[in-house]
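Those sequence lines, one after another, are chains U and B. Note that the working numbering has the first sequence beginning at 1, numbered continuously upward. Note that the working numbering has the second sequence beginning at 1, numbered continuously upward.
Check the hints yourself; a few may be wrong.
[Claimed, not checked] Below, a list of computed lysine-lysine pairs in the DSS-like style, where the Cα atoms sit at most 25 Å apart: (1) Lys114(B) / Lys106(U); (2) Lys97(U) / Lys244(B); (3) Lys191(B) / Lys106(U); (4) Lys177(B) / Lys97(U); (5) Lys114(B) / Lys120(U); (6) Lys114(B) / Lys271(U); (7) Lys289(U) / Lys238(U); (8) Lys120(B) / Lys97(U); (9) Lys143(U) / Lys114(B); (10) Lys120(U) / Lys120(B); (11) Lys29(B) / Lys120(U); (12) Lys247(B) / Lys97(U); (13) Lys271(U) / Lys303(U).
Just so you know, the hints here were simulated from the structure itself, not pulled from any lab data. The structure presented is a predicted model; accordingly, all values stated were derived computationally and were not measured.
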Amino acid sequence: MLKLAVKNLYKIYGSKPQRSLELVRQGVSKEELLKKTGNGIGVCKVNFEVEEGSIFVIMGLSGSGKSTLIRCLNRLIEPTSGSVFIDGHDICSYDEKQLLSIRRNKIAMVFQHFALLPHKTIEENVAFGLEIQNTSVEYRHQKACDALALVGLKGYENAYPNELSGGMQQRVGLARALAIDADILLMDEAFSALDPLIRSEMQDELMSIQDSMKKTIIFITHDLDEALKIGDQIAIMKDGAIIQTGSPEEILEHPADEYVRSFIKDVDRSKILTASSVMKKPDAIITQKGGLHLAVRKMRESKMSSIFVINKDKTLQGLLTIDSALEALKKGETDVTKYLLYDIEKAVPDTSLNELLPSAVRSKYPIAIVDKEERLLGIVARVAVLSGLSGEEVPNV
Amino acid sequence: MFRLPIGDFFERGIDFLKVHGESFFNALKESVLFIIQHFENLLQWIPWWMLILIFVILAFSLSGKKLAIFTGLGLTFIYSLDLWSETLDTLSLVLSSTLFTLLIGIPLGVAMSKNDNTQKILQPILDFMQTMPAFIYLIPSVIFFGLGKMPGAIATIIFAMPPVVKLTNLGIRQVPKDVIEAAISFGCTQKQMLRKVQIPLALPTILTGINQTIMLSLSMVVISAMIGARGLGEVVYSGVTQMKIGKGFEGGIAVVILAIILDRLTQSLGIHKKRKQNNK
Chain U
1 MLKLAVKNLY
11 KIYGSKPQRS
21 LELVRQGVSK
31 EELLKKTGNG
41 IGVCKVNFEV
51 EEGSIFVIMG
61 LSGSGKSTLI
71 RCLNRLIEPT
81 SGSVFIDGHD
91 ICSYDEKQLL
101 SIRRNKIAMV
111 FQHFALLPHK
121 TIEENVAFGL
131 EIQNTSVEYR
141 HQKACDALAL
151 VGLKGYENAY
161 PNELSGGMQQ
171 RVGLARALAI
181 DADILLMDEA
191 FSALDPLIRS
201 EMQDELMSIQ
211 DSMKKTIIFI
221 THDLDEALKI
231 GDQIAIMKDG
241 AIIQTGSPEE
251 ILEHPADEYV
261 RSFIKDVDRS
271 KILTASSVMK
281 KPDAIITQKG
291 GLHLAVRKMR
301 ESKMSSIFVI
311 NKDKTLQGLL
321 TIDSALEALK
331 KGETDVTKYL
341 LYDIEKAVPD
351 TSLNELLPSA
361 VRSKYPIAIV
371 DKEERLLGIV
381 ARVAVLSGLS
391 GEEVPNV
Chain B
1 MFRLPIGDFF
11 ERGIDFLKVH
21 GESFFNALKE
31 SVLFIIQHFE
41 NLLQWIPWWM
51 LILIFVILAF
61 SLSGKKLAIF
71 TGLGLTFIYS
81 LDLWSETLDT
91 LSLVLSSTLF
101 TLLIGIPLGV
111 AMSKNDNTQK
121 ILQPILDFMQ
131 TMPAFIYLIP
141 SVIFFGLGKM
151 PGAIATIIFA
161 MPPVVKLTNL
171 GIRQVPKDVI
181 EAAISFGCTQ
191 KQMLRKVQIP
201 LALPTILTGI
211 NQTIMLSLSM
221 VVISAMIGAR
231 GLGEVVYSGV
241 TQMKIGKGFE
251 GGIAVVILAI
261 ILDRLTQSLG
271 IHKKRKQNNK
C-alpha cells in the first residue's frame with residue numbers, strides 16, 4: 001500500500017519564489033537562477049512514492065537538497081509548490097491545526113545531532129512528544145519505558161542526555177520518535193554523527209526494530225554503503241533533483257548516469273551484490289536421460305569443461321566434467337550417473353558475492369545456484385564472481 | 001555656530017508628559033511605592049537574627065558552607081555597625097526595582113528574540129539606556145514623582161533593565177536550531193515552545209541577566225540617595241557631603257557585603273541549575 005507520495009515538489013529559497021519557480025519550470029539551471037534572481041533551488045521537481053513498511057533512502061552529497069526535501073515532508077520547511085500525500089491526503093493543503101495533528105500522530109523525526117533537551121531526563125525526553133499532547137503522566141511513563149526498552153536503554157530513565165554517549169543519545173532520539181506511535185519515521189542523517197562501529201550497530205538495530213514494527217521510514221544519508229545496507233528503495237539526489245530511484249541492486253547494476261556511476265565506484269560490491277545478480281541461465285545442462293553423447297556435444301557447443309546434470313523436476317543431480325565424460329565414452333559406457341561429481345559447491349540466490357568468494361576459490365567448477373528444493377536456478381562461473389566484484393560486465397564464459 | 005536644540009526638545013517633551021500624563025504617572029507611582037513599602041515592612045517586621053538565619057539557610061542550600069558562613073558573618077557585622085535598618089531600606093529598594101525590571105525586561109527580551117525587527121529597534125534604545133550616565137534619569141524622575149524612594153526606583157529600573165533584556169534575548173536566540181526543529185516536528189505550539197524549550201534552555205543566561213540587574217541596582221543606591229532615597233546610600237552620601245570619612249566608609253563596606261551576598265546567591269542559582277543537569 002502506498003504510504004507517502006511526493007508529487008512535483010519544489011522549494012525555492014529567497015524572496016519572490018513564485019517568479020523563480022516559473023523560471024525553474026522553464027528549465028533554468030541552478031547557477032543561472034542564482035545569477036538572475038539571487039534565489040537558490042532547494043528541491044527541484046521531486047517525485048517519489050514510498051510503500052508502507054519499507055525503508056526509502058534519500059542519498060546525496062551535502063548541498064544536494066536532501067535535508068530540505070525531508071523537511072518538506074512534515075513542513076518544517078514550507079514547499080514552494082507541489083504536494084506531499086500521506087495516506088492519500090495532501091498535507092500541503094492542511095491548515096495549522098491539521099498540520100499539528102499530523103506532526104503529533106503521524107510523522108516523527110530523528111535528527112543528525114540528536115536534538116535532545118538537555119534540561120530534561122532521558123525519560124522526559126522520550127515522553128516529550130506525548131507531553132505536548134497533554135496526555136496523562138502514567139500513559140507517558142508507560143510509553144516512554146516501552147520505547148526505551150525497545151532501543152535497549154532500560155535503566156537510563158533518570159539520566160540526563162549529556163551523561164550518555166553519542167550512540168546512546170541517538171537511541172534516545174529514536175525512542176522519542178517511536179514513543180508517539182507514528183507510522184512514518186523521518187531520519188535525517190540519523191547515524192552520520194556516530195563513529196563507524198556504533199553506526200553499523202545502530203543500522204542493524206534499526207533494521208531489527210523495523211522487522212517487528214513495520215514503520216515507513218524515510219532515511220537521509222550521504223553514505224552510500226549505509227543507503228545500500230538499509231534501503232529497500234534508494235533515491236539519489238543532485239542539485240535538488242532526484243536523478244535515479246531504484247533498489248540497491250538496480251542502482252549498482254544500472255547506474256542512470258555518470259554521476260551515479262562515480263558514486264558507486266568505491267562501493268564494496270561484494271556485500272550488496274548477490275549470486276542472483278551474477279548468475280547465468282543454466283544453458284549447459286542435461287537431464288539424466290540425456291546420455292553421454294549429448295553431454296559432450298553440449299559442452300563443446302557452450303565451450304564449457306563441465307556440465308550440470310538435473311532431474312526431470314529440475315533438481316540438481318551432480319556435475320559431469322568433460323574428462324570423465326570422454327573417459328566413459330572410451331569405455332563404451334552410456335550411463336551418466338556413475339561418472340557424476342556429487343561434491344559440488346552450491347549456494348542460494350541471496351548469497352552475497354562476499355560469501356560466494358570462498359566457494360569460487362575452493363571449487364574448480366562453476367557454482368550451482370539452487371533454491372530450497374535443490375532445483376537448479378542458475379550457474380555462476382568462478383570468473384563471474386570476480387568480475388561482479390569489480391563492476392565489469394560479466395563475460396560470457 | 002548652528003546648534004541643534006536637543007536639550008530644549010527634551011525639556012519640552014518632559015513638560016508635555018508632566019502635564020498630560022499625570023494620572024498615569026500617579027498610578028505608576030502608587031503601585032511601585034506599594035510594593036516597595038510592603039517589602040520594607042515585611043523585612044522590618046522579621047527580627048534581625050531571623051532574617052540573617054533565613055539568608056544563611058538560603059546561602060547554604062543554594063551554594064554551600066562557604067557562602068553560608070560569609071553571609072552569617074557579613075550580615076552580623078552590618079548589624080553591629082548599627083546599619084541594619086538602612087540595609088533593609090536598600091535591600092527592599094533593590095529587590096523591588098529588580099522585580100519590576102524583570103517583570104518588564106524578560107517579556108521584552110522574549111519579544112526581542114522572536115522578531116528581528118523588534119531587536120533592531122530595541123538594541124540601540126537599550127544601549128542608550130545603559131550608557132547614559134545614570135544621573136540623567138534622576139532629573140525627569142524627580143519631576144514626575146517628586147523626591148524620595150520613587151524616583152530612585154524608577155531611575156534604577158531604567159538603568160538596570162538592559163542586561164536582563166539583552167541576555168534573555170541572547171539566551172533564547174542561542175537555543176540550538178535543531179532542538180527547536182525537533183520540538184516543532186513533534187507538534188509544539190508557539191506557547192509550548194517558549195515554556196518547555198526556549199525559556200528552560202535560556203535560563204542560565206537569563207539568570208546571568210538577573211544577576212547583572214541586581215548588581216546594577218545596587219550601584220544605583222548611592223546615586224538614588226542624592227534625591228532622597230533612604231538607606232545605605234544615604235549613609236555614604238552624607239559621609240561624603242559632611243566629610244564624615246568613617247561613617248561613609250562603614251556605609252560603603254555594608255554595600256559591598258550586601259553586593260557580594262546577592263551576587264553569589266544569584267550566581268549559584270544558575271550553577272545550581274546546571275549542576276542538576278550534569279548530575280554531579
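25 Å limit on alpha-carbon distance, applied to hinted pair lysine 143(U) and lysine 114(B): violated (33 Å)
Given hint lysine 120(B) paired with lysine 120(U) - CA-CA distance at most 25 Å: violated (33 Å)
Pair hint lysine 97(U) and lysine 244(B), alpha-carbon separation not exceeding 25 Å: Violated: lysine 97(U) and lysine 244(B) sit about 70 Å apart, past 25 Å.
Given hint lysine 106(U) paired with lysine 191(B) - CA-CA distance at most 25 Å: holds (22 Å)
Pair hint outcome, lysine 114(B) versus lysine 271(U) [Cα-Cα no greater than 25 Å]: Not OK: lysine 114(B) and lysine 271(U) at ~50 Å, beyond 25 Å, violated.
Satisfaction of hint between lysine 97(U) and lysine 120(B), Cα-Cα up to 25 Å: Not satisfied, since the Cα-Cα distance of roughly 32 Å exceeds 25 Å.
Distance restraint between lysine 29(B) and lysine 120(U), which requires alpha-carbon spacing of 25 Å or less: violated (42 Å)
25 Å limit on alpha-carbon distance, applied to hinted pair lysine 271(U) and lysine 303(U): violated (31 Å)
Straight-line alpha-carbon gap lysine 114(B) to lysine 120(U), limit 25 Å: holds (23 Å)
Pair hint lysine 114(B) and lysine 106(U), alpha-carbon separation not exceeding 25 Å: Outside the cut-off at roughly 28 Å; violated.
Restraint check for lysine 177(B) with lysine 97(U), where alpha carbons must lie at most 25 Å apart: Satisfied, since the Cα-Cα distance of roughly 23 Å is no more than 25 Å.
25 Å Cα cutoff - pair lysine 289(U), lysine 238(U): Violated, at roughly 57 Å.
The structure shown violates the earlier hints numbered 1, 2, 6, 7, 8, 9, 10, 11, 12, 13.
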